[in-house]
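A.B. asks: In case you want the letters, here they are:
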Amino acid sequence: DQQVKQNSPSLSVQEGRISILNCDYTNSMFDYFLWYKKYPAEGPTFLISISSIKDKNEDGRFTVFLNKSAKHLSLHIVPSQPGDSAVYFCAARRRTGANNLFFGTGTRLTVIP
Amino acid sequence: DGGITQSPKYLFRKEGQNVTLSCEQNLNHDAMYWYRQDPGQGLRLIYYSQIVNDFQKGDIAEGYSVSREKKESFPLTVTSAQKNPTAFYLCASSSQGSNQPQHFGDGTRLSIL
Chain A
1 DQQVKQNSPS LSVQEGRISI LNCDYTNSMF DYFLWYKKYP AEGPTFLISI
51 SSIKDKNEDG RFTVFLNKSA KHLSLHIVPS QPGDSAVYFC AARRRTGANN
101 LFFGTGTRLT VIP
Chain B
1 DGGITQSPKY LFRKEGQNVT LSCEQNLNHD AMYWYRQDPG QGLRLIYYSQ
51 IVNDFQKGDI AEGYSVSREK KESFPLTVTS AQKNPTAFYL CASSSQGSNQ
101 PQHFGDGTRL SIL
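Quick mapping for you: the protein sequence lines, in order, are chains A and B.
Take the first sequence: its position 109, counted from the start at 1, is 109 in this note's numbering, and no numbers get skipped.
Take the second sequence: its position 81, counted from the start at 1, is 81 in this note's numbering, and no numbers get skipped.
Rather than coming from a laboratory, the hints here were simulated on the basis of the structure.
Because the structure is a prediction, the values reported are computed rather than measured.
Among these hints, one or two may not hold up.
[Said to hold, decoys possible] List of simulated lysine-lysine pairs, BS3-like, C-alpha gap at most 30 Å: (1) Lys57(B) to Lys71(A); (2) Lys37(A) to Lys54(A); (3) Lys71(B) to Lys54(A); (4) Lys38(A) to Lys57(B); (5) Lys37(A) to Lys57(B); (6) Lys83(B) to Lys9(B); (7) Lys5(A) to Lys57(B); (8) Lys38(A) to Lys9(B); (9) Lys38(A) to Lys71(B); (10) Lys71(B) to Lys37(A); (11) Lys5(A) to Lys83(B); (12) Lys71(A) to Lys54(A); (13) Lys68(A) to Lys5(A).
Make the full structure from the sequences, and use the hints.
C.D. replies: Structural data, given as structure tokens:
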């Protein structure tokens, strides 16, 4: 049962425009959400996170929005750059229990120069 | 530089053999994790350890074993009981406490000959 879902396997965006990656979750016990970026044959790199007590967190060109009522979060990248081309994973952690993460299946972002 | 080192990067195994994947971290993190990634899927948790000499099964622990004798090291053994071992294996670590992201190594790709 996939508790974290990324329904768009791929996304293409022109350089300089906004990239919006979406993620939905089903477990109301999740309280901490993260986005990771992954290049082929490398491990995921942590990008940005958000606690469930917030609805927005910003770090440079990256902003994560959380809509708890809709169980939805999104990652905005503005402006998009060719180096942003990678697979982006959304992940979530439960409020109780261990710190292990539940991952979505990823969205491949291609930024076209 | 602090980080997580996984070795080897590529590993081949004959059917019926056990094989051990190495994971070492010098981040002074208490918690360590093993994930498996298959094509088109998100990361799935195999085992995790929150402190030395203690570890817990994740979602897909069958056919795997781990040990945590030192804080820095969390080796994963893929046993002959694992029916479909070909995958990309990722090790991660994190500090204890709330809202601490996991940091990943660059992975080991295991293939069956």
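A.B. asks: For each hint given before, does the structure comply? Return the numbers of the non-compliant ones in rising order.
C.D. replies: 3
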